[in-house]
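Please model the entire structure based on the sequences and the hints provided.
2 protein chains.
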Amino acid sequence: MSALSQQPYFLRALYEWCVDSGHTPYLTVRVDKQTRVPQAFVKDGQIVLNVGPSAVRNIHMDNDWVTFSARFGGMSHSIEIPVGNVVAIYARETGEGMAFEHLAQPEVADDTPQDMLSDSQEDDQAKPPQPPKGKPQLKVVK
Amino acid sequence: MSALSQQPYFLRALYEWCVDSGHTPYLTVRVDKQTRVPQAFVKDGQIVLNVGPSAVRNIHMDNDWVTFSARFGGMSHSIEIPVGNVVAIYARETGEGMAFEHLAQPEVADDTPQDMLSDSQEDDQAKPPQPPKGKPQLKVVK
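These protein sequence lines map, in sequence, to chains Z and V. Residue numbering for the first sequence follows this note's numbering, starting at -6 and increasing by one per position. Residue numbering for the second sequence follows this note's numbering, starting at -6 and increasing by one per position.
No lab work stands behind these hints: they were computed from the structure.
List of simulated lysine to any residue pairs, SDA-like, C-alpha gap at most 20 angstroms:
hint : chain 1 : residue 1 : chain 2 : residue 2
1    : V       : 132       : V       : 14
2    : V       : 132       : Z       : 5
3    : V       : 132       : Z       : 94
This is how it looks when you write it as structure tokens:
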């Protein structure tokens, strides 16, 4: 049997660690044709997503896909992300987490529509991600 | 809430990755007064343990302890290891895994009894651990 990628195992581990620690897990995702995310929040071919329990519903992370529902601009969206497109997971409050280096080169989506959504105060995802308050402590997995 | 150690989360993740990959997970453990392991297999203050599903029973890994039962020298032993004493976890077949560097300094147990056990062919743990067949690929977590 050939070895599986360690990435989804680390992803689930750090998600649980973040939540158990009372921190807010954020994902940085490389957007391409495989990802299903609201294009209006894509910047330079990437999107940053709050995946904490208070921001998403029905989150599921298997060895191939990260899927969940979340509100953007007041509308609920079904998000689908191949695990290989997750560039990093980190705690918003401290910056601790892990980067997956071999996937970190953004692929700019030239056909990004910019007309979908507007900001909303009741929106967990529409706020621009805040920089980590602490020293970033991402570990790199190649 | 203060952040929890990431170590037990990585430990569980890599254990699952090893087993799902069809590999054999091995632990390197720093032995001290907190660990409950057969002293006859301790060398230079450390013990290497096969923790694969075919070698152990009732393995449990929470945020504080790794516990399981295993046979050494034909006798069943209850093993208890504080998570902080786990120096590394790796796949025997490939050497892939993770080292926990801040814990890697062995503490030599001067009072190690050497009179307990003898080898046994039916014994999963009594065989000396084989060096990894592939290139070691341990990642360091500080």
